[in-house]
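Given chain A, work out where chains B, C and D should sit, using these hints.
Residues per chain, in single letters:
4 protein chains.
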Amino acid sequence: MGGSKVLSDLLQTLSRLGNQFLALGPSVPEDEARSIERWCTRLLSSTGEASGMAIAGIIVEHWRRLNEDGRRDFLHMLKDRFGVDRDRLFAAAEKYIEDPSDLLAAELHRAAEPERQDLFRRLNLTPGGIDFLVRVREDLLSRLADDPELHVVDIDFVHLFSSWFNRGFLTLERIDWNTPAIILEKIIRYEAVHEITSWDDLRLRLHPEDRRCYAFFHPQLPDEPLIFLEVALTREMPSGIAPLLSESRPPVRAEESTHAVFYSISNCQQGLRGISFGNFLIKQVVEDLRREFPNIREFVTLSPVPRFTAWLKQEALQESVPGAEDVLRLTERENWMGDENVREELSRLLPAIAAHYFLVARNARGQVIDPVARFHFGNGASLARINLFGDLSVKAAQNALGLMVNYRYDLKDVEKNHERFVLGAEIAAAPAVRGLLPARRSGSARMPALPAGESSE
Amino acid sequence: MGGSKVLSDLLQTLSRLGNQFLALGPSVPEDEARSIERWCTRLLSSTGEASGMAIAGIIVEHWRRLNEDGRRDFLHMLKDRFGVDRDRLFAAAEKYIEDPSDLLAAELHRAAEPERQDLFRRLNLTPGGIDFLVRVREDLLSRLADDPELHVVDIDFVHLFSSWFNRGFLTLERIDWNTPAIILEKIIRYEAVHEITSWDDLRLRLHPEDRRCYAFFHPQLPDEPLIFLEVALTREMPSGIAPLLSESRPPVRAEESTHAVFYSISNCQQGLRGISFGNFLIKQVVEDLRREFPNIREFVTLSPVPRFTAWLKQEALQESVPGAEDVLRLTERENWMGDENVREELSRLLPAIAAHYFLVARNARGQVIDPVARFHFGNGASLARINLFGDLSVKAAQNALGLMVNYRYDLKDVEKNHERFVLGAEIAAAPAVRGLLPARRSGSARMPALPAGESSE
Amino acid sequence: MGGSKVLSDLLQTLSRLGNQFLALGPSVPEDEARSIERWCTRLLSSTGEASGMAIAGIIVEHWRRLNEDGRRDFLHMLKDRFGVDRDRLFAAAEKYIEDPSDLLAAELHRAAEPERQDLFRRLNLTPGGIDFLVRVREDLLSRLADDPELHVVDIDFVHLFSSWFNRGFLTLERIDWNTPAIILEKIIRYEAVHEITSWDDLRLRLHPEDRRCYAFFHPQLPDEPLIFLEVALTREMPSGIAPLLSESRPPVRAEESTHAVFYSISNCQQGLRGISFGNFLIKQVVEDLRREFPNIREFVTLSPVPRFTAWLKQEALQESVPGAEDVLRLTERENWMGDENVREELSRLLPAIAAHYFLVARNARGQVIDPVARFHFGNGASLARINLFGDLSVKAAQNALGLMVNYRYDLKDVEKNHERFVLGAEIAAAPAVRGLLPARRSGSARMPALPAGESSE
Amino acid sequence: MGGSKVLSDLLQTLSRLGNQFLALGPSVPEDEARSIERWCTRLLSSTGEASGMAIAGIIVEHWRRLNEDGRRDFLHMLKDRFGVDRDRLFAAAEKYIEDPSDLLAAELHRAAEPERQDLFRRLNLTPGGIDFLVRVREDLLSRLADDPELHVVDIDFVHLFSSWFNRGFLTLERIDWNTPAIILEKIIRYEAVHEITSWDDLRLRLHPEDRRCYAFFHPQLPDEPLIFLEVALTREMPSGIAPLLSESRPPVRAEESTHAVFYSISNCQQGLRGISFGNFLIKQVVEDLRREFPNIREFVTLSPVPRFTAWLKQEALQESVPGAEDVLRLTERENWMGDENVREELSRLLPAIAAHYFLVARNARGQVIDPVARFHFGNGASLARINLFGDLSVKAAQNALGLMVNYRYDLKDVEKNHERFVLGAEIAAAPAVRGLLPARRSGSARMPALPAGESSE
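Here the protein sequences come in this chain order: A, B, C and D. Letter 414 of the first sequence, counting from 1, is numbered 435 in our numbering, and no numbers are missing. Letter 24 of the second sequence, counting from 1, is numbered 45 in our numbering, and no numbers are missing. Letter 80 of the third sequence, counting from 1, is numbered 101 in our numbering, and no numbers are missing. Letter 369 of the fourth sequence, counting from 1, is numbered 390 in our numbering, and no numbers are missing.
If you're looking for bench data, these hints aren't it; they were derived computationally from the structure. Please note: incorrect hints may appear among the correct ones.
If chains are identical, the list can't say which one is meant, so a pair holds when it fits in one copy or spans any two.
Said to hold, decoys possible - In silico EDC-like cross-links for lysine to aspartate or glutamate, where the CA-CA straight-line distance does not exceed 20 Å:
#1 416 <-> 353
#2 207 <-> 159
#3 116 <-> 106
#4 207 <-> 136
#5 207 <-> 197
#6 207 <-> 221
#7 116 <-> 128
#8 433 <-> 313
#9 207 <-> 244
#10 416 <-> 216
#11 334 <-> 347
#12 207 <-> 222
#13 334 <-> 366
#14 334 <-> 355
Chain A with its partners taken away, still in its complex shape (with noise of 0.2 Å):
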């Protein structure tokens, strides 16, 4: 019996068994918030799984009819009602301090785990609990900064959800035209990238021998990618993104392709943001590959460059990057990229920039700037080149002025790559961007701006 028809069952199961134990119609009581705290506050007493399941249940039906205020409340309850037992708390840490042990220790773990963890983890029995927990805090996260009070509840979801979505858990699965439709149809809804405009596009992304997909899953959620990779197999580092995805393109032969290019990566699921899977995923696919495609020798990514354009904005005002007004004054019309002087000219100017950007500049947390970047070289990529004009769609043009860039996946340097970065050290790259760089020596002159840290560079 597979584990979804296992769900659709208990489902049944459970909506039979509400009814007889805890005698509820299939009317649901006036006053939805009220109402939902006291289903939850029955939950956690609950000592009969059958009456939990059936509890759980009810939770989810209520809260899926709330609105938006409802589901606010809801959070704040969760936040308020179902914390520490300070009291408790409180006791156990004043016994600790007078007699740290071990076994105190523990009950003073215990004793601080707010009550919502419990009520989390038998919601998650319910069938679809997870699904529910998941869209509760895809609901949080959107009020977050508004209501920065929630940030606690988070806490807690992050922490049951790091347990719950261990890699050890997930399965690679690969996607393409065998797929089921209900699966691919969330593929074009979550691909964040490059847009898929129809059934026919998501075709060519799949279907073609020298493109493939792959995807992670969790066990409870069958139906739900959490996050899925899109490569394309060629004969060359691509430059750009129109021609790598391009219908008329040739298809090469898999067994004759050399490059493996992660041309889109999207997490599919607001939910469990922070919950990382995407470094897993990358690696996971480079050593599938390598094992399928003995030919295949390079690992890239065609990757665009959101921050540039604002990064460069910011700059401009402080002055502090030598040729970013031009830059900017030359693509300040609509249509520069046609412009073969423009082209020529920023040609000319961007390289320079661009390296610095990426290698050099920092924001005001001392990270590199560029949130792919950091994603990438926190995985322990390399910047292998920069690609003027590799996006010419209206999205790449504000963001980036149509840059793009490669990062290698070179499983032997990853590692240190990682390690590196993470101590803040230089960043990986191909020597050919480091050339791009102004001269080191003249250099201290014209980049008065970078922070302090940069010079030991």
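Only chains B, C and D this time, still in chain A's reference frame:
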């Protein structure tokens, strides 16, 4: 790609990566104990996931080669070197006492978490990691009686296993003659109630139309049943095990059966003791069978009474149960079961004693004495019938003077029964069973050893 | 290892072996037609199975590259060069006439088998061979009208396909939103009754709770549905297609439905025309739905009437059906469906004519005129209702003046109905339908307008 | 829905429909033989497919209950009552002689087809039909020697089975410790070369890293292997069976093996005798292993020599093979294998005789004498080595004086070897084997009894 394929692929990757990143040759350092501690420390400080998986794999490999003393040392190392950071916890406790806010409670919760929980989570990243942790806990439990200090380590196992083996993750699978041999051989090995003597014997438990077997599986342990339940479909509530398992019985057509008899339930993983899923299993199977065979009206067990003789001997010493000494004297000789007179005598004496054992007698902690009874009463079953001479095997003659009982699972009552049992109310039993008790009024004098609480019955 | 994996593996082996054994380079001789004949001859004389598979693969590859004329020549080559050995057959016939023994009959049977049957069997050994043969027959059927000589080749296709596509080999699969896209795109393409306009439209046919779709598959063509049936679960017998397919309808809960409506059945493989499995499909689906939903009481179709207008025009010419001319005149204008008066008029005239069309009218070969009706009556269905204005699409307005009908599948009657239909007895129809016929008594000479041939009914 | 589910569902439907349409109660008429003929006649004239399936099911059920005589009568009934229509065939033969056209040839072909072929096709419609037909042929083959008239019936079985068990329909599956027990128990039962004595013994053949087993399956017989091949991965060409199967051997790591040894191939279905797929199986396995383990360089068998002793005795009588009498005398005593002197003597005498047996000796029909040799030579293998004392079991001592041989499958030669073997050319053998033959010139005197045909060698 199936999960187990992924695991084995990862394992290959792992050994490659392990050698690559860690410069670890196939040979292993001499001083295993110190070495394994160093690897654990390194795992906790590792920031790269590939090296993390490689290190976890190395730890697993080391542990496998440890001898008895090495494994004991390993557990004590977990206790001593990977507990809480006392200074940090002390400070966090003090801060919370000063300002009992939610955020400081969260910090206190983090500080109170022993480092080994993080270690266990990281070990679970490696293929085979969860299996390893279950084995380690199995080892721990076997030492707990002699080495009670290890209990604080077990607290962490229980905390994490309760999350990882949450009912929501488990799948129910039917075990039959179409099941892979790699699973079936474990059914033979783990059967704990009525031994399976051979593959032919196994086939008799699985293959006939009137036999069923169900097990829970965890997605990370696809070849390891966690617990399984053997079922016979019959046309009456059985009173003895031999006819039920007789090879020569005429098989009942499943569509014509009226009773589902749970005659054996076995936990497979010692390392998951106390992580309860038996109750879910029985109820899920009741639901599934009910859906498949509307003709089945009764769901009952045929269960052993493992502590009966031991209890009786104790009571005989205390002269608290009338007839105890007579019964023990009658069953002193080896072949008492073959003696018609003895059986006649026992038929007169045993029923009241047995009813007393289940319904009235309690151990020092106020619990029902029989662990099997506690399990089924705790699940909400009721005591349907007491069967004299239900099991004539040597083991049952020794443990229970041949007694077997039927517990009844009536879904509409289980929740109520469960809650009443938890609250310490009267045991649910069929009137005929209750009627076996000595009459109430005169009884008060004859059963003086009952705890006071029982008088409220 | 799944079948399709084996196929692709074999395919790889094949090309390797082909080159190895046959010293065949990737280039192919110029004169394809002569070349393909040589390969066919070589295939028939080949004694090694590896070379046999390689040669078969080469033939398939050659044929794919043939143009129209090349394919016609290929068929004629099958007819002329790979027929029976006339001398051998002549001799065998003479011998049998002399001595009509069983063994000589067996020899005669062998001698009478055209060599191309053996050729087809050997071609079927290669992966993709059966698909190739189905395509070749598709090509043959498209030429048969102009080139009737090819009929003798078709006899051999029918002989082998009847064996290979025997019902016993087919598997029934449910098609739903969990079905792989590679199959779903074929459902879109092959839907022959009510066009599926997009993937969204497809989802509406498969995904809602009150929709089902089933198809037959052959193990050697795992991605190719042979025939599929679309079903709506409803609470009444529907009278028109638009409300049935309306996006905005409230979906019926499957457990509360009372009718299963077969509103579309489509053959997918032109090359399997005449190899009947439609009847098996409907009855198997009736059985499966009956088991799954005991609440479904009625199994009916909502079917088009594709030949109605054509027949009516013919009858109007012959003045054999009263009212035919009136009807045709009323429906002359393009938008007659929007004219309330016309519809009123038609409501008066059409029922009797339609009843006559189904129950009385016959074509020159004495058959019921409507091919859809012939199919369902042949399967044992009865005519349940005639629906005026059931389909307002342009196609249905042209072909059937908007008529649709319901056929009823009542399993307890289908066998009897089928046999009566085959024997030429009265068509099975609901009394209300039969009552639409002009009154029996007043019908002087019963049906004065009927063609003479009908009187023999 | 899986195939076997469909089958069992259909079976249920069937019995329902059978009772419904045919008014057949559970009881069965007394006179089975006459009754079964009536049902066969009815099946042939049935026009409805539901009743057809029901009738086919009834025939299968009747046959199962027939005793030996009943089954013999059934076969004769097939021969006598369901052969060709002689009058029709006679007429068709005459017509063809008059006008030998393609269409009349087709009609002659139809007329020459015995009615039982149609009967068999219709029986195949019922679930379990193909299994039934295989059993019936098994029964037929067991009677053929005593009842040669039945050969004409067998011709029809072979004709249809060749079509239904076409290689294109078969799937290759790996058999290992993950295979369902229902299949594994058949591996135990059908192993025909080296007996599998228990499930533990079976595990030793399937589970270790250096063991493989593969089988062909037919989609309609999912639980019935048709033929299977056992493989050992080794580091040298083995010379005896005992070390190969020794429990205590150190297992070879699959990646380090250099030889794949086919040490057992067993047909499972007597009823499919002569429907060849063994050659496909070996070559497919060679291909698969070659792909999986590029390290494997040699594919050889370790094979028995079942007819050696019988042949030797015959030759000794005719005094045609020098040394035959000596050898037989030496091996007369029961424990000759334990006698060092005997073994030494045999080591001197046997090689030349064994080489003669394989390379020179022929039976009355001019064939190689050993059936195992015929099979492998026919597949294109060559004789790689003769191993004295390769199998010390009682059976092998009796049949082959302990001889075993290795045949080599070298894919680049198999086709050529096969064709040469079919044409009667010299047997392919390693030079070392050929060198065991007595020298040619002087040999003519020493081996006078060779058939003349050999001189052309």
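From the Cα coordinates, with 20 Å as the cut-off, is the pair residue 207 and residue 221 best called within, between, both, or neither? Cα proximity of residue 207 and residue 221: in one copy and across copies (15 Å, 13 Å).
Alpha-carbon proximity context of residue 433 and residue 313, limit 20 Å: within (18 Å within a copy, 25 Å between copies)
Up to 20 Å CA-CA - residue 159 versus residue 207, copy category: within (17 Å within a copy, 37 Å between copies)
Since the copies are identical, ignore which copy is meant and state whether residue 116 and residue 106 lie within 20 Å (CA to CA) inside a copy, between copies, both or neither. Both ways: residue 116 and residue 106 sit 15 Å apart in one copy and 16 Å across, limit 20 Å.
Tell me, please, which holds for residue 334 and residue 366 at an alpha-carbon limit of 20 Å: within, between, both or neither? Within one copy, since 18 Å is at most 20 Å while 75 Å is not.
Could you place residue 416 and residue 353 in one of the four classes (within, between, both, neither) given a Cα distance threshold of 20 Å? within (14 Å within a copy, 55 Å between copies)
Give the relationship of residue 207 and residue 197 under a CA distance limit of 20 Å: within one copy only, between copies only, both, or neither. both (13 Å within a copy, 16 Å between copies)
When Cα atoms must be at most 20 Å apart, do residue 207 and residue 136 count as within-copy, between-copy, both, or neither? neither (34 Å within a copy, 39 Å between copies)
Within a copy, between copies, both or neither: which one fits residue 116 and residue 128 at a CA-CA cutoff of 20 Å? Intra 10 Å, inter 18 Å, cutoff 20 Å: intra and inter.
Identical-chain pair category, residue 416 with residue 216, by Cα at 20 Å: within (11 Å within a copy, 37 Å between copies)
With 20 Å as the alpha-carbon cut-off, assign the pair residue 207 and residue 222 to within, between, both or neither. Answer is both; intra-copy 14 Å and inter-copy 17 Å each pass.
For residue 334 and residue 347, with the copy left unspecified, which applies at a CA distance of at most 20 Å: within, between, both, or neither? Close inside one copy (11 Å), not across copies (78 Å); limit 20 Å.
Hint compliance for this structure: hint 4 alone is broken.
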